[in-house]
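2 protein chains.
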Amino acid sequence: MREVFHQSLEDLQSRLVEISDLVTVAIEKATRAFAESDVALAEEVIADDAQIDAMALRLDEAAIEILARQQPVARDLRIVITALRVSASLERMGDMAEHIAQLARLRFPERAIPKGLKGTFRRMGELDVEISRTLGDLLRTQDLRFADAIRNADDDVDELHASVFEKVLSDNWKGEATATVDATLASRYHERFADHAVAVAKKVVYLATGDWTVAEEDIALAASAQDDAGA
Amino acid sequence: MREVFHQSLEDLQSRLVEISDLVTVAIEKATRAFAESDVALAEEVIADDAQIDAMALRLDEAAIEILARQQPVARDLRIVITALRVSASLERMGDMAEHIAQLARLRFPERAIPKGLKGTFRRMGELDVEISRTLGDLLRTQDLRFADAIRNADDDVDELHASVFEKVLSDNWKGEATATVDATLASRYHERFADHAVAVAKKVVYLATGDWTVAEEDIALAASAQDDAGA
Numbered sequence: 001m002r003e004v005f006h007q008s009l010e011d012l013q014s015r016l017v018e019i020s021d022l023v024t025v026a027i028e029k030a031t032r033a034f035a036e037s038d039v040a041l042a043e044e045v046i047a048d049d050a051q052i053d054a055m056a057l058r059l060d061e062a063a064i065e066i067l068a069r070q071q072p073v074a075r076d077l078r079i080v081i082t083a084l085r086v087s088a089s090l091e092r093m094g095d096m097a098e099h100i101a102q103l104a105r106l107r108f109p110e111r112a113i114p115k116g117l118k119g120t121f122r123r124m125g126e127l128d129v130e131i132s133r134t135l136g137d138l139l140r141t142q143d144l145r146f147a148d149a150i151r152n153a154d155d156d157v158d159e160l161h162a163s164v165f166e167k168v169l170s171d172n173w174k175g176e177a178t179a180t181v182d183a184t185l186a187s188r189y190h191e192r193f194a195d196h197a198v199a200v201a202k203k204v205v206y207l208a209t210g211d212w213t214v215a216e217e218d219i220a221l222a223a224s225a226q227d228d229a230g231a
Numbered sequence: 001m002r003e004v005f006h007q008s009l010e011d012l013q014s015r016l017v018e019i020s021d022l023v024t025v026a027i028e029k030a031t032r033a034f035a036e037s038d039v040a041l042a043e044e045v046i047a048d049d050a051q052i053d054a055m056a057l058r059l060d061e062a063a064i065e066i067l068a069r070q071q072p073v074a075r076d077l078r079i080v081i082t083a084l085r086v087s088a089s090l091e092r093m094g095d096m097a098e099h100i101a102q103l104a105r106l107r108f109p110e111r112a113i114p115k116g117l118k119g120t121f122r123r124m125g126e127l128d129v130e131i132s133r134t135l136g137d138l139l140r141t142q143d144l145r146f147a148d149a150i151r152n153a154d155d156d157v158d159e160l161h162a163s164v165f166e167k168v169l170s171d172n173w174k175g176e177a178t179a180t181v182d183a184t185l186a187s188r189y190h191e192r193f194a195d196h197a198v199a200v201a202k203k204v205v206y207l208a209t210g211d212w213t214v215a216e217e218d219i220a221l222a223a224s225a226q227d228d229a230g231a
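In the order they appear, the protein sequences are chains A and B.
Anchor point for the first sequence: position 49 equals 49 in UniProt numbering, and the numbering is continuous, going up by one each time.
Anchor point for the second sequence: position 187 equals 187 in UniProt numbering, and the numbering is continuous, going up by one each time.
Derived by calculation from the structure, the hints in this document are not laboratory data.
Mixed in with the good hints, there may be bad ones.
No distinction is drawn between identical chains; accordingly, a pair holds when it is met within one copy or between any pair of copies.
[As the list claims (entries may be wrong)] With a Cα cut of at most 30 Å, we get these calculated DSSO-like pairs of lysine-lysine:
# : residue 1 : residue 2
1 : K167      : K115
2 : K29       : K118
3 : K29       : K115
4 : K115      : K174
5 : K174      : K202
6 : K115      : K202
7 : K167      : K118
Note that the structure is a prediction, hence the values are computed from the model and not measured.
Sequences are here, hints too, so could you generate the full structure?
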């Protein structure tokens, strides 16, 4: 039974890794589509999101199947519940990539990326791609140093997010309302993408270190701190 | 054992109802704080969100406890998993109310509500309050007519959300960048609030009608349709 359970967990883990790989591709393409106003690439991201959703759904079904058949308790139970939550976060990360692609498509043939913020969004996109890739590494290896790297990169994303609002709300901002709307939404999507990755990383860390309750509280605190900075 | 399980489910249900009541208070106050630029009320919403987070966390612990001790299978298992997901959605609805309150606080003593959109945001706020209250009724009674009402009200929210962008992006829009940013974010928060309620309603409906997989697919489709309209 123990052996069967172990295999089931490996299956969940490899499904999570697989989804996170697709999410990395999605955010990488979405960033490029947004920067280069590449509507074909944007369409790809939008179409491919259905696959991420379907895989997350199948993972959830697999996790529920494990709960029903193998009736895990204690830490084993928490691992399976965590897989369900991580799957939900990855699915949302895919949605954020899709939203960024939708912005690019919506403004085509105009450039979605607002003038004067090109460098900022390029850097935000790079950071999100890096975060997503690192999250894949964390899920693959459970090496907790990857979690620190995600947190650090998220701090950088938060700073860039704040700088977008500073820029848009400064007297020098000459952007049209369209540019202001795009900057606001795109920045928010990038920031949420990174937030979800941090939430996943914390869940993985606390599963490894054992203190689940603290993890959730910590996430709530971190989320509200970020909200303060972000909204 | 069946009796114990039944009591456990009732406990989960009453916890969900309790959280949804707090969410209703939060969105009602946040809407008022945003409309009237009432910073004290905004502070209340922001402070009270910690209670919603804590209650959602305790509900999750109770659900995991039930899984561990009572090892439910089949439909019973899905009910407990659904409670975990509903709790996560309610927690996010609380966050959206908090974000709206944060916007009000951020712009104080200026009015956060952008000129020319006062009526739109008042109506969006009213709809979100109504949706939240109806969600409480649905969770309390499991009367599926409440789910239809939520869906209909969400359609109205989506229309208003689209109208905000139409307004902001029209040639007549004379708002400063601050007003554009506020309108964009506030509209998005209101729309997400309603989306989460619809997601919960669908979960409750499909638990009652039994077809879980369809529910998830349906939600994914509905979400992507809304995203197309919204982004």
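Hint check:
Within a single copy, K167 and K115 get their C-alpha atoms as close as 11 Å, and across copies as close as 22 Å, so both meet the 30 Å cut-off. In the homo-oligomer, the alpha carbons of K29 and K118 lie at most 30 Å apart inside one protomer (16 Å), although the nearest pairing across protomers, at 38 Å, exceeds that limit. When the C-alpha separation of K29 and K115 is checked against a cutoff of 30 Å, the pair qualifies only within one copy, where the shortest distance is 20 Å, while the shortest distance between copies is 37 Å. Proximity of K115 to K174 under the C-alpha cut-off of 30 Å is found in both arrangements, the shortest distances being 9 Å within a copy and 20 Å between copies.
In this assembly of identical chains, the alpha carbons of K174 and K202 never lie at most 30 Å apart, being 40 Å within a copy and 44 Å across copies at closest. Taking the shortest alpha-carbon separations for K115 and K202, neither the intra-copy value of 36 Å nor the inter-copy value of 41 Å comes in at or below 30 Å. Taking the shortest Cα distances, K167 and K118 sit within 30 Å of each other both inside one copy (12 Å) and across copies (26 Å).
Comparing the model with each earlier hint shows violations of hints 5, 6; every other hint is respected.
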